[in-house]
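Colleague: Each protein sequence line maps, in turn, to chains A and V.
Its first residue numbered 1, the first sequence is counted upward by one per residue in the UniProt record's numbering.
Its first residue numbered 1, the second sequence is counted upward by one per residue in the UniProt record's numbering.
Note that these hints are calculated values from the structure, not bench results.
These numbers were taken from a predicted model, which means no experiment stands behind them.
Glycine included, every Cβ here is placed at the ideal spot set by N, Cα and C.
Any given hint could be a false lead.
Computed from the model, here is a short list of chain V residues facing chain A with C-beta under 10 Å [as the list claims (entries may be wrong)]:
hint	residue
1	Thr196
2	Tyr255
3	Phe270
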Amino acid sequence: MSFRKFGLGLAVATLLAGTALPALAQDSVYVPLFTYRTGPFAGSGTPIADGMHDYLRMLNERDGGIGGVKLVLEECETGYDTKKGVECYESVKGKNPVIVNPWSTGITLPLIPRASVDKIPILSMAYGLSASARGDIFPWVFNPPATYWDGMSMIVKYIGEKEGGLEKLKGKKIGFLHLDAAFGKEPIPLLQEMAKDIGFEVALYPVAAQDMQNQSSQWLSVRRDRPDYMIMWGWGSMNGAAVKEAVRSGYPMDKFYSIWWPGEDDARAGGAGAKGFKMLNWHAVGANFPAIQDIQKHVVDKGLSKAPKDKVGELLYNRGIYNSLLIAEGIATAQKITGKKVVTGEDVRRGMENIKLDPARLKALGLEGFTDQLVLSCSDHNGHRAAFMQEWDGTKWVKISNPIEPMTDRVRGQLEAAAKDYAEKNAGWPKRTEACDKAS
Amino acid sequence: MLYREAGQFKTSYVADSAIFPLRQDRIGIGLIILAAYALAFIGNSFLLQAVMIPFLVFSLASIGLNILTGYTGLLSLGTGAFMGVGAYACYKLMTAFPEVNVIVWIFVSGFFSAAIGALFGLPSLRIKGFYLAVATLAAQFFLQWCFIRIPWLVNYNVSGALDAPLRTLFGIPIVGATATPQTRYLVVLTIVILLTWLASNLVHGRIGRMWIAIRDMDLAAELMGIRPLQTKLLAFAVSSYYCGVAGALLVFLWYGGAEYDVFNINQSFFILFMVIIGGLGSLIGSFFGAALIFILPIVLGIVLPAILSPFGISVGADVIEHLRFMIVGALIIFFLIVEPHGLARLWQIGKQKLLVWPFPY
């Protein structure tokens, strides 16, 4: 090849690389959103990304931001890849983000030790390290509204109630279909402990990450073992594939339960046969809330959103809204406590600790009945809130239960042991130095 | 004009077999090393932490794979897993013996990786080419399975993840959250320079020539008295050593904590692409390959919005991501068409042209 041209191209490329990034305005709050609209998990990631972006964008368009301060939103594409997630974190770190939400357990883990050093709080909403619910050990990490252990105890409790009492589960067999990774394995010790105490049997069906879309061997075993109930801990394409396989192998769908990650598209994968599939959830589905109507009006109708109109209000879209609701509340609460308008990461950490989303506050935000109340505190960064069961009726999710409280007595033991373990293993894990705010 | 070898006489065999026989090359490499160290003091934390440290880590892993695939001609798809062995070994060692300096453990962890690599290299005596690739693929899946299944490897951590406890060198934290990108970068840079120097001595010496002989024609090499068993296993061991050290650096000096999934098959392919694009059988090619495959997408991510925004086109992060994939993919094909021997060959041609510049007759 011609070396002159090659050299010229190289020179142009270096020149372009030198163009500076646009500077940020002073009177604004920078909120980076780690999203993944590409890669194998894009199916779950895209609606979440849309929901997260659209709610905050709506606040910008409708109210001019939060407390009169505009939010500077920037999406960073992670592709659910730890490498890119860490790169994203490094690239946003210099711009003084007030909070980061990694949206992947794999990305959350390397960021946890950095949070206290860089003074950037982490919001890992119902994923990440369950032990980070302990605010006294992890002052910079928040994982509301419930941990996976809470979720597992709620599902077992619900099943027990259906049988007519937890003790009736004795002698039954519960199958646990899970992603063979830290995320899927986390609730196993709790499940086994409950199995021992109550007297039911547990059958484990691990699904390796590379076989997520091919679960025929697991479902063959399910057919052989005939568990009375199935519980699923899946993510991305694993959920849809599991529903499809369950329908194909003729497993009774009304006995198939899942943690809170499947979306409408996953249930639709099973066709008409998926009717009766149940999952835990903690927020409403649908667009019938004033705030979501505002998103329609100010963002989607103006073409500022990437979401198609009919996806607004779907389960994972609303999950994204819930995530942004917490970010916005963290910022608003921080403004209230500090009296400052332009808050920093340290302020938002305090704000998150003082979040109080009670029904009155939700009503004021235009989200009355969207979700159960959530109160965080200095020591409790999770809330351990109740979730409800919802059922797929063939076209949409229908709420079928009242809020189910987690079995706190069982979960607490797991949590304390894990948090202590983490701090012990990481010799030199910093003691909490951040002062606690008085509950107002 | 500037790059001339005229007047530089070699008076001994040692001088003749030097790695950098030209004075200009020696000055050049000195300047590059100097610049690399200077970067620690002038670069910002994004440049160091998100660009340079990973670049060096991947370069080291590429050197490892290059020794195996480029120099010895044995195709391996287990690089990711061998990196994982180094990382897990380093984690076990540094938590079991916290009083020993972590730098020592980073170097020692490579030996664990080397042992595992040599073990999985045994089939290479019987099988070649694609068949060997499949055998190393087995290593990849088996080791990854171990990383998930054996909780002992992560000290029974509930999250199943590796985390980086605080470790210091001369009282300055180098591993753990409080270590600054600057110190991490200096440590990684020093280790990479040391190991690259070692590798260049290996491949230019007797051992390297044995590897190359095996690569070019193993039957002829055997007839000349090179024992294939020892030579191939040595290549596997040395290659895995480099990958293992790179894996330990990746987890403890770059990520600061990782899940087993970091060492998946994609990682193996990622490194293999670097080696192929950079140039098989070339150390500097490993650096070029790592730069093209790893740094180019980052540069594109910064440059593309800057190019597009003056035209009033604002694109989302996802579109940039797709564009990155397309451009990097197109560039890989482009480079492979114009120069199938990789970037290292381009570099060589460039140097040859420079030797006769500006009077190319």
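Colleague: So, for every hint listed, does it hold in this structure?
Modeller: These are the hints, each one checked on the structure:
1. Evaluation of the V/Thr196 hint against chain A yields a violated restraint, the C-beta minimum of about 23 Å exceeding 10 Å.
2. With a cut of 10 Å, the hint placing V/Tyr255 at the interface with chain A holds, because the nearest CB-to-CB distance is about 5 Å.
3. Given the 10 Å rule on beta carbons, the hint for V/Phe270 holds: about 9 Å separates it from the nearest Cβ of chain A.
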